[in-house]
Every structure is written in structure tokens, then in C-alpha cells.
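Chain E is fixed; fit chain B onto it per the hints.
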Amino acid sequence: MSIKTKTIIILIILSLTPYIITMGILGNAYRSDLEARVREDMQIQLGITVDRLDQTLRSLENDLRFLSSLDVMNDIITEDLDQRIFNLLLLKKQDLDLVGDFFVLDSNEYVIASTDIAALGEIYTGERFVQFAVFSTFDERRIGTLLVDYSQENLTRLFPQTETLNYLLLPLQAALPQNLQREEYILVEKPLEQGGQWRVVLAQDTDYAFSVLNDLTRVFFIALMIGVFAIATVAYLIANYIVNPILALSTTAESITRTQDYSQRVVVNRADEIGQLSIAFNHMITGMQDMIARVREEGENRLKLAQEKDRAEMLQSLSNKLSKYLSPQIYESIFSGEKDVTLSSSRKKLTIFFSDIVDFTGTTDKMESEDLTQLLNQYLDEMTSIALEYGATVDKYIGDAIMIFFGDPHSKGVAEDALNCLRMAVAMQKRVKELHDEWQAAGFTKPFRIRIGIHTGFCTVGNFGTENRMEYTIIGSSVNLASRIESSARPDTIYLSEDTYLLVKKEFQCIPVESVVPKGLSEPLQLYRVITEQDEQNLIQLDAQGVSLMLEKSTLTAQTRKQLQDIVQQLDSDTDVS
Amino acid sequence: MRIFIAVILLLSLPAHAAEYAVVVSSNSTVQAMEIAKIKDIFLKKRSFEGELRIVPVNPIGNDPARTQFESEVLNMSREEINRYWVNNHFQGISPPTTQASLQSIKRFIETVDGAIGYLPIDMVDASLRIVHEY
Numbered sequence: 000m001s002i003k004t005k006t007i008i009i010l011i012i013l014s015l016t017p018y019i020i021t022m023g024i025l026g027n028a029y030r031s032d033l034e035a036r037v038r039e040d041m042q043i044q045l046g047i048t049v050d051r052l053d054q055t056l057r058s059l060e061n062d063l064r065f066l067s068s069l070d071v072m073n074d075i076i077t078e079d080l081d082q083r084i085f086n087l088l089l090l091k092k093q094d095l096d097l098v099g100d101f102f103v104l105d106s107n108e109y110v111i112a113s114t115d116i117a118a119l120g121e122i123y124t125g126e127r128f129v130q131f132a133v134f135s136t137f138d139e140r141r142i143g144t145l146l147v148d149y150s151q152e153n154l155t156r157l158f159p160q161t162e163t164l165n166y167l168l169l170p171l172q173a174a175l176p177q178n179l180q181r182e183e184y185i186l187v188e189k190p191l192e193q194g195g196q197w198r199v200v201l202a203q204d205t206d207y208a209f210s211v212l213n214d215l216t217r218v219f220f221i222a223l224m225i226g227v228f229a230i231a232t233v234a235y236l237i238a239n240y241i242v243n244p245i246l247a248l249s250t251t252a253e254s255i256t257r258t259q260d261y262s263q264r265v266v267v268n269r270a271d272e273i274g275q276l277s278i279a280f281n282h283m284i285t286g287m288q289d290m291i292a293r294v295r296e297e298g299e300n301r302l303k304l305a306q307e308k309d310r311a312e313m314l315q316s317l318s319n320k321l322s323k324y325l326s327p328q329i330y331e332s333i334f335s336g337e338k339d340v341t342l343s344s345s346r347k348k349l350t351i352f353f354s355d356i357v358d359f360t361g362t363t364d365k366m367e368s369e370d371l372t373q374l375l376n377q378y379l380d381e382m383t384s385i386a387l388e389y390g391a392t393v394d395k396y397i398g399d400a401i402m403i404f405f406g407d408p409h410s411k412g413v414a415e416d417a418l419n420c421l422r423m424a425v426a427m428q429k430r431v432k433e434l435h436d437e438w439q440a441a442g443f444t445k446p447f448r449i450r451i452g453i454h455t456g457f458c459t460v461g462n463f464g465t466e467n468r469m470e471y472t473i474i475g476s477s478v479n480l481a482s483r484i485e486s487s488a489r490p491d492t493i494y495l496s497e498d499t500y501l502l503v504k505k506e507f508q509c510i511p512v513e514s515v516v517p518k519g520l521s522e523p524l525q526l527y528r529v530i531t532e533q534d535e536q537n538l539i540q541l542d543a544q545g546v547s548l549m550l551e552k553s554t555l556t557a558q559t560r561k562q563l564q565d566i567v568q569q570l571d572s573d574t575d576v577s
Numbered sequence: 000m001r002i003f004i005a006v007i008l009l010l011s012l013p014a015h016a017a018e019y020a021v022v023v024s025s026n027s028t029v030q031a032m033e034i035a036k037i038k039d040i041f042l043k044k045r046s047f048e049g050e051l052r053i054v055p056v057n058p059i060g061n062d063p064a065r066t067q068f069e070s071e072v073l074n075m076s077r078e079e080i081n082r083y084w085v086n087n088h089f090q091g092i093s094p095p096t097t098q099a100s101l102q103s104i105k106r107f108i109e110t111v112d113g114a115i116g117y118l119p120i121d122m123v124d125a126s127l128r129i130v131h132e133y
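Residue numbers (numbering that gives the first Met the number 0), protein chains in the order written: chain E, 0 to 577; chain B, 0 to 133.
Partner residues are not named here, just some residues of chain B that face chain E (Cβ under 7 Å, in silico):
id: 1; residue: Thr96
id: 2; residue: Ser100
id: 3; residue: Gln102
id: 4; residue: Ser103
id: 5; residue: Thr110
Partial pick of chain E residues on the chain B-facing surface, computed with a CB cut under 7 Å:
id: 6; residue: Asp70
id: 7; residue: Asn73
id: 8; residue: Ile76
id: 9; residue: Thr77
id: 10; residue: Leu80
id: 11; residue: Asp81
id: 12; residue: Arg83
id: 13; residue: Thr136
id: 14; residue: Phe137
id: 15; residue: Asp138
I should point out that these hints are in silico values taken from the structure, not numbers from a laboratory. Quick reminder that beta carbons are idealized off the backbone N, C-alpha and C, glycines included.
Just chain E, with the same shape it has in the complex (with noise of 0.2 Å):
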């Protein structure tokens, strides 16, 4: 049940309490009182008409008496020859106008004087309302008897000619007419003290008698229903009044929750709690709404900023993978901002590195291509972490070789550049030594062995190709050169420009072998080979007067040897010989 609803029935209930309490005690107290007033006045008014009845007998009695002890009552002896009694009843009938007759007896009981002349001279039998003996005047002895046949009517007559009253005249012992029987009439009654068994019965219809309470009743039950409706509808507006409010209230929350605007808002046009109360929700809705703008830009922005970080790491993977193309140098040089990824170029002298595997193609015909790309690609992996870790820049991969740079975009100094850049090349080597042993243990059986040229001339080095695709190279002949000379190296060695090795030759020990001629020149190129760790063990030089000999001990055939120890007893024997 709705608050409307039940503020409906509370004020209605409220202020019918008063007007129901007040029906009640006029339907209830106020009846009993009033009907106990109107039997008291019944009785009143019952009494005066009793005692005027009685007050008739009474005074037909005396009449009667009156006339029994007249002288004229001896002409009963005579039968009334001169009608004396006749006459003298007839004047009292017509004084008394009464209804009836009176009767003079003898005493034989035979009607001697009578207002009724029908009944002269016989036996009397009518009724003896009231009769007296008649005695003679002169002797006191009976003569007779004086009687009325009276009619009630000479006392219904004397009832008060009421329409609301109803008197009846009853003997004392007769019931009550059905009529009268029923309790829509008030009935009091009273005996009579004169004429025999008789009582006057007074009825008053109960409709009259309450007729004014009723009428106020009905006055009271009109003002009730005009009261009722007055009360409804006043009840109604107090309760749109008081609900109406708090419905804009609901509804306003409902259609914000449905429609989720919060723009809107709740009218207040009273001061009262309830108009504080939607001063209240609009004041709470606004703070919603400013709330939910807040969150809804820090929605925006987290999303901007999700977006962006996916972005950034949709651009970071893409990066990385990137970064697996690019060198790490020009990687971050790109994409710490330190370059423009643009199509430009610079002149710069830089130390190149080029390596490849030795006879790559017939090392891996007999290979599985899994095993190839694994070995491949750890072999790449393994050479790109120790040239990144001395700072080289990773041009590029082409096929089994690969294609470094010291000088750009990060350079230490062209002699520290090339220093780093056979350090790099020296733990390459000695990597991939270590690297045949776990091969070897894996089950290749023809590991890899990588030769290594190395030379420090100017190039250009740049972004080439297209706006759409570039490529951050370096182009020039000294890259050409670098090449030449890597694929002049022995297996397993490290070979150098002369260039560089002027600039390394402090550090590292390097000893000269046989000379290119690279494209485009006319004149050899001196090229040395670097002496690593294991060179040490492997190779034999010998520097002195007459004498410049190398050998490397791994490489010698067994025809080299015997030439070897050839020359040995030859000499030998010249010595012998001398």
C-alpha cells in the first residue's frame, strides 16, 4: 500500500473518529435517554388522560348515585307511569351526550325507565358499566336498580386527538393488538381507578418520537457524507501534497537510473523538510553528476592513457621486434628522438666488421632445416649479444654473414672504435670455439668456423632507400673493402686492414699475411691477421736474420710436414756439410 493510500485512510479514520463517536452516542445514549424523556412524557400525558377518564366516571357515578337517591326513583314502584325517570335520564343522557343508555330495574330486573325505549318492560341483559341500587325514599328499602350501558366511546372520545398518540382502552387482562405488538411504538400504560377492570394503553410510534433525533441523525449523517467527501479530498491534497513531492523524487531517481542523465532535476518550489529533502537530492545529484564527470574523464583519460599504453607497447613490441632488425645503437638513437628517421646521410670514419661461416652452404646441405635455424640462429644470437656488449652497431644479417660497425651513431673515438671492434671480434671467435664443443655434444658434426675481416675507412652512413622504406646502412667502399678482406680470411681468424691494425696494433698482437687487391685499386692492400689465445699454441713464427717463417699447426698437411722436415735435414745436412 502506497504512502498516498495510507495517508488517505489515516486522515480520513481521524477525522471520522469524532463524527462516528458522536453518531454512536446519539444512536446509542442519546436514544436510550430519549426514549426514557418520551416514556416519562407518555406517562405524563397518560396520567392526565387517566385521571380525566376516571374524573368522567367518577362523575357519572356521582351522577348516577345522584339520581338513584331522588325522590322521583319511587315511581319505580309505579313502573314510571309519568315518565318521570324517562325524562330525567333522557335530560342526563343528553347533558352527559353520552354514548349508551341508562337503565332503571325494577326489582324483577325488568326495565322500567330506559333512554332506550326499545328495552321498556323487558328482562335486562346488556352489560352494567356502572349501576347503582335505588332505594326508596321512604322506606330505604331496594325499588331497584339504576344502570349505564356505557360505550367506551364516551371515554375514547375524551382522548386527546393526537396523530402521533394513539390511546386504547382496554380491559385489564386483554392483549395488546398485534399492531401495537412490535417495537415501533413506545407503549405505557395505566389502569383506571374507576369503572371496572379497564386500562388506557398510550402508543407512540418510535419513527416520531426519535423523529428528532433521527432528523439530527440524518443531519448528522449528511454533514457525515459531505464531511466524508470534504475529508477525502482534503485528505487526497494533503496526501498529493505531502506524496507528490516525494513521487517527483522516485520518479526523478528512477528515470536517472533508467536514462542515466543526470542533468536532471527535482522542481522544489517549498521550504519545508520535504522541499529540503529535494534540495537535498539535487544537491546529492549534482555531486553525481560532477562525480561521475570526474570519472568519466578519468575514464577518458585512462582509456587515453590504456590506449596510448597499448599503443606504447603495441609500438614497444613492435619496437622490439624492430629492435631484432636494427641495431641497438640506431634503435635507440631512432627511438630516443636522437635521430630523425629520415632519408639523410653523413660521412663518418668507421671501423667495419664482416664475418661469415667458412663453406656455410656445405655445411648445411646435410642438415635438417630445424637444426639449421636453430644452430643458425643461436650461432646469430650468440654473435649479435657480444658485439652489442662491446658496442657495436649491427648492420645487417646477409644470409650466413654479418655486418657490424664502430662509429655511429655512438663513437668513442675511431682508434677506441676499432680497439672495441677486435675486442668484439676476439670474443667472437673464442665463442664460437666454445660454441663447437656443444655442438659437437649435440651431435653436429661439422660445427661452425667463422672468418673475420675487419677494416676502418670513411663511409656514409645513413638512412637510404625510400620515404616508405628505409634502410640504416652504410654504403661506401670501405664497406666493400671490410668484405674483401673477410672473405680473404682463413677460417677460424680474424683478418685487418692495414688502417686498422695501426690502430689496434698496440694492443693486439697481429702478424702480416698476403695482400688484396681490393676493386677499383691498383696497388695491394697489406693485411694482417690478429694473434688470438689459441693462435698462440697453434702458430710457430720465426722472425730472424734469413729466416721469416709462420706456422700454424692445425692447418699443416702431412706433405707440409714432410717439407717441413725436408728443409730441416737439408739443413742439417749443410751444416754437416760446412
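Chain B only, in chain E's frame:
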């Protein structure tokens, strides 16, 4: 009607010395009576004749029999008589009973024991006995 005619006839008769008679019932024990006794009886000074209670009866009004009786027997005027009965009324003595007609008086005398009245002589028959004439 017959009674009325009889009365008219009686009244039309010429007066003579003894027109009226004081009568009693023929069954009565009362015999001839002197005028003084009759007067006492009608003035209610005397109620008994021997053991018999005497009941005097008068005709009403100015009946000639009564007028004649009052003047000749009672020897009193109407005023004297009225004064007499007024005085006696306060002593509880009331005048004799009356009858409206002579016929009624005759019936009364015939019916009531000890009754005594007066009638014209010609009305007296065997049922009555004359105790005095006037």
C-alpha cells in the same frame, strides 16, 4: 293517553262537599282516620300506625287534589308548608314522596304497603279504602 283523558274528565267535574278522599290500600290495616292524624302523617310527625310504617304520597305541583288537601286537611298555605319543610330539612326530615299523576298515586297506594294518599273520590275503587273524605 287514557290517564290524561281521565284527569281532564275529573278536572271538569263540578265541585261539591266531598270531592276527594284520603285512601289507603284495601289490603291495609289502617282504618278510618281523623284529620289531625292525617295531617301529622303528611307533615311526617307520625310515621307508624300501629306496627305499620305509613308512607304518605303527594301529587306534584299544583294539582287541585293537593291544593284542596293542603287547604282543607293540612289547613296550611303553600308558603307555610314550604317553610315547614325547609325547617325540617335541616333536621333530616324530608317531605312525602310525590307522584306526577293521580293515577300514579293510585298505583303507588296499591303497591306500597302503608301508603296513604288522596284522590278524587270517583277514582277510588275496590283496591282502595277511604279513610277520610274532604
